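Sequence order for the protein chains is C and U. Residue numbering for the first sequence is 648 to 958, as defined by our numbering. Residue numbering for the second sequence is 9 to 327, as defined by our numbering.
Worth flagging that the hints you see were computed from the coordinates, not collected in a lab. Please note that a few of the clues may not be correct.
Computed from the model, here is a short list of chain C residues facing chain U with C-beta under 7 angstroms [to be verified]:
1) L943
2) P945
3) V947
4) V948
5) M953
6) V956
To be clear about the criterion: a stretch of chain C counts as covered by chain U if any three or more of its residues have a C-beta under 8 angstroms from a C-beta of chain U, and this derived list gives those stretches [to be verified]:
7) 677-683
8) 911-917
The structure presented is a predicted model; accordingly, all values stated were derived computationally and were not measured. No residue lacks a Cβ here, since even glycine has one placed at the ideal position from N, Cα and C.
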Amino acid sequence: MRGRSGHFGPSPSGQSGHNGRLLTEPAPVAARPPVQRVVEVVAARPVGAYVELTLAAPDVAERAEPGQFVAFAVGGPTSAMLLRRSIAIAGAANGAVTVVVAPHGPGSTWLAGLRPGDAVDVVGPLGRPFPLPAPGTPALLVGGGYGAAALVGLAARLRERGSRVVPVVGAASADRLCSVDDLGVLAGIVWITTDDGSEGRQGLVTVAVEEQLPDAGVVYACGPMPMLRAVADLATAAGVPSYVAVEEAMACGIGVCMTCVLPVVGSDGRTRFARSCTEGPVFGGDRVRFADVGRLRPDVVGADAMGVVAP
Amino acid sequence: MATTSPIWLPGETPVDMTTALGKAEIPSPVLTASGCSAFGRELEPFVDLTAIGAVVTKSVQLRPRSGRPTPRMAETPSGMLNSIGLQGPGIDGLLADELPWLAERGVRAFVSIAGTRARDFAELATRLRGAPGVLGLEVNISCPNVESRGEVFACDPVAASDVVSAVREAADPAQPVYAKLSPDVTDIVRVARSVVDAGADGLSMINTLLGLVIDPDTMRPVLGGVTGGLSGPAIRPVALRCVWQVHAALPQVPILGMGGIRRGLDALQFVLAGASAVSVGTAVFSDPSAVARVHDELAGALAARGFATLCDAVGYAHR
Ligand SMILES: Cc1cc2nc3c(=O)[nH]c(=O)nc-3n(C[C@H](O)[C@H](O)[C@H](O)COP(=O)(O)OP(=O)(O)OC[C@H]3O[C@@H](n4cnc5c(N)ncnc54)[C@H](O)[C@@H]3O)c2cc1C
Ligand SMILES: Cc1cc2nc3c(=O)[nH]c(=O)nc-3n(C[C@H](O)[C@H](O)[C@H](O)COP(=O)(O)O)c2cc1C
Ligand code: FES
Chain C
648 MRGRSGHFGP SPSGQSGHNG RLLTEPAPVA ARPPVQRVVE VVAARPVGAY
698 VELTLAAPDV AERAEPGQFV AFAVGGPTSA MLLRRSIAIA GAANGAVTVV
748 VAPHGPGSTW LAGLRPGDAV DVVGPLGRPF PLPAPGTPAL LVGGGYGAAA
798 LVGLAARLRE RGSRVVPVVG AASADRLCSV DDLGVLAGIV WITTDDGSEG
848 RQGLVTVAVE EQLPDAGVVY ACGPMPMLRA VADLATAAGV PSYVAVEEAM
898 ACGIGVCMTC VLPVVGSDGR TRFARSCTEG PVFGGDRVRF ADVGRLRPDV
948 VGADAMGVVA P
Chain U
9 MATTSPIWLP GETPVDMTTA LGKAEIPSPV LTASGCSAFG RELEPFVDLT
59 AIGAVVTKSV QLRPRSGRPT PRMAETPSGM LNSIGLQGPG IDGLLADELP
109 WLAERGVRAF VSIAGTRARD FAELATRLRG APGVLGLEVN ISCPNVESRG
159 EVFACDPVAA SDVVSAVREA ADPAQPVYAK LSPDVTDIVR VARSVVDAGA
209 DGLSMINTLL GLVIDPDTMR PVLGGVTGGL SGPAIRPVAL RCVWQVHAAL
259 PQVPILGMGG IRRGLDALQF VLAGASAVSV GTAVFSDPSA VARVHDELAG
309 ALAARGFATL CDAVGYAHR
């Protein structure tokens with residue numbers, strides 16, 4: 648199966664970097680547009696260091712596809728926090744949407760404090776879903792921290808289509824692991840790593856990824872950027888197409904502000920600053936120029952107009 | 009000032025909300041703000057774009073621009089700082105992809121143009137002559153974000169009027185030309201007067217205020233571009249003061265007011281201070297349906313105060 652790209656487009660060349668042929672096609676847009684709703688929290692459950700919220704949001708749930716996210720207004724009607732917080736969709740079924748929130752700053756801490764019966768304003772589903780491989784393609788799923796939650800729906804979808812699913816889940820410590828049970832039900836076995844060795848193997852997810860990669864026809868990853876970069880690099884070097892769901896600071900989540908951009912190689916082979924909210928969050932792992940995030944390189948389309956030209 | 013029913017219902021307001029941008033009539037006084045709704049498409053799931061005053065498009069330049077490296081945004085109390093650097097497709101992309109999409113749907117476009125030389129602005133205005141669906145031009149002489157060897161036209165009354173007269177001369181006579189002013193000046197009335205003398209049909213105000221945020225952990229500026237433009241409700245009193253001063257000095261000049269408008273009552277303040285239309289910018293990030301909602305809330309607020317038309321309320325606070 649290795650080296651098979653299914654319907655992902657150009658066949659793998661085994662090369663990494665951006666001069667070789669790419670293993671992925673840009674993820675297509677979602678089938679249905681987002682909605683904006685005020686919804687009720689129906690359950691709030693602590694899971695380790697996180698809080699899992701379940702929302703009665705039928706209009707969002709029926710539209711959602713694995714890999715997409717929602718954006719919450721935070722802090723209530725008189726809030727001085729103007730911007731929405733983006734959170735990946737962990738589950739969408741029976742009219743309910745679940746999300747896993749890690750309390751980080753004031754906005755996510757407010758979200759994590761929501762209780763059953765509270766109302767919250769949500770926009771979604773947003774972003775491009777994970778593209779699915781040809782039926783039966785064996786898939787390696789890599790989740791870091793709460794990022795694993797975003798892979799549960801994908802694992803279910805892949806199983807339905809006859810794929811063997813191998814999940815690798817990692818976190819700093821046992822309490823930051825996420826969705827291990829859900830993934831276990833779908834996949835049978837879950838490979839676990841923790842940085843401190845408090846559960847599973849001690850080390851980074853990449854150790855397990857390297858071992859499982861030879862059997863994979865496609866790799867999916869969601870988690871912190873350094874993890875995505877490492878996983879994408881391993882997959883690309885092995886000639887396996889990968890799709891990563893990135894996390895970049897977002898002001899609007901709907902594609903109108905241009906704050907959330909990353910240098911991404913387009914279908915024409917040229918690099919543009921692409922919006923992670925509407926052109927992502929799912930990108931081909933070999934299309935994101937991780938090393939150039941936060942930089943403006945001369946070969947980015949429109950860099951010349953900024954006065955940045957190749958020496 | 010008759011309200012037929014005591015309770016105002018959305019969409020059933022008796023207030024006549026029609027207004028104009030220069031000579032161009034529009035059915036609603038509430039528009040998007042440049043750079044805060046891209047080219048309108050992304051708002052389609054949330055608002056009826058044909059019902060709003062106009063889509064004010066992201067400032068476009070002659071060439072495609074990558075914009076600045078990230079981070080481009082920092083949230084601040086009741087506002088945000090941005091340093092996008094005018095990322096955009098350039099005039100060719102605007103004419104080929106964005107304007108036709110708007111025109112096919114009957115959406116009015118108020119096209120924001122930007123440049124680093126007066127003749128760039130004039131060339132943009134020339135290219136936009138007769139373009140379908142283009143209601144008029146907003147001249148972004150005030151964006152503080154662009155790396156242009158320190159030229160911020162809006163801070164220099166002479167440079168500002170050079171740009172505006174070049175645009176007015178080159179532009180389609182049927183397209184009103186609004187000059188967008190920066191609040192980062194000592195005397196905004198002076199700049200307003202000079203661009204009006206140069207032929208501006210109206211004034212858009214205000215653009216963002218230059219700001220800075222430092223991350224206490226890294227002890228470095230948060231934004232890739234170091235400084236950024238401050239927007240949102242935090243700047244509303246400054247924006248309102250600018251509109252007030254300019255309307256007091258130039259009562260005949262139409263003003264497109266903006267800066268922190270989030271609700272109908274915010275928009276009402278701008279109208280009472282002298283704005284005949286308003287743009288909703290940053291609030292769209294928190295509420296994608298904000299433009300339509302602000303229209304409805306403003307209509308309700310005018311009705312509740314006994315106004316039969318929006319125009320009756322323009323500048324009311326001065327009288
Ligand atoms: C597509 C996507 C999916 C995400 N999924 C999840 C999830 O499933 N669970 C979860 O707990 N978190 C998730 N995040 C991260 C979450 O959005 C941030 O932790 C949160 O916005 C931080 O807000 P704050 O007020 O707590 O922190 P602050 O640091 O105070 O936030 C300040 C500002 O920066 C932005 N910001 C800061 N950190 C991030 C970040 N990492 N990503 C995006 N914006 C940021 C915020 O939106 C806010 O505008 C996701 C982010 C993205 C982009
Ligand atoms: C992310 C962002 C991008 C912007 N881009 C532009 C732009 O391209 N051209 C322009 O004239 N103003 C731009 N502005 C300024 C807004 O149009 C508006 O003048 C300002 O934000 C104040 O209004 P607000 O508080 O409602 O956002 C931008 C503002 C933001 C927040
Ligand atoms: S967050 Fe606004 S464009 Fe992506």
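**OP:** Identify whether the interface hint at V948 (chain C) stands, where standing means a beta carbon of chain U within less than 7 angstroms of its own.
**Re:** holds (6 angstroms)
Original post:
Should the interface hint for P945 (chain C) be scored as holding, given a Cβ-Cβ cut-off of 7 angstroms against chain U?
Top reply: Interface hint status for P945 (chain C): violated (10 angstroms vs cutoff 7 angstroms).
Subject >> Check of the region 911-917 of chain C against chain U for coverage (Cβ-Cβ below 8 angstroms, three residues minimum) >> reply: violated (count 0)
**OP:** So, V956 (chain C) near chain U? Judge it on the closest CB pair being under 7 angstroms.
**Re:** violated (12 angstroms)
Original post:
Any CB of chain U closer than 7 angstroms to the CB of M953 (chain C)?
Top reply: holds (6 angstroms)
Subject >> V947 (chain C) as an interface hint toward chain U, with CB separation required under 7 angstroms >> reply: holds (5 angstroms)
Subject >> Cβ contact check, 8 angstroms cutoff: the region 677-683 of chain C against chain U, three residues minimum >> reply: Holds: 4 residues of the region 677-683 of chain C have a Cβ under 8 angstroms from chain U.
Subject >> Closest C-beta approach of L943 (chain C) to chain U relative to 7 angstroms, hint status >> reply: holds (4 angstroms)
When held up to the earlier numbered hints, the structure conflicts with 2, 6 and 8 and fits the remainder.
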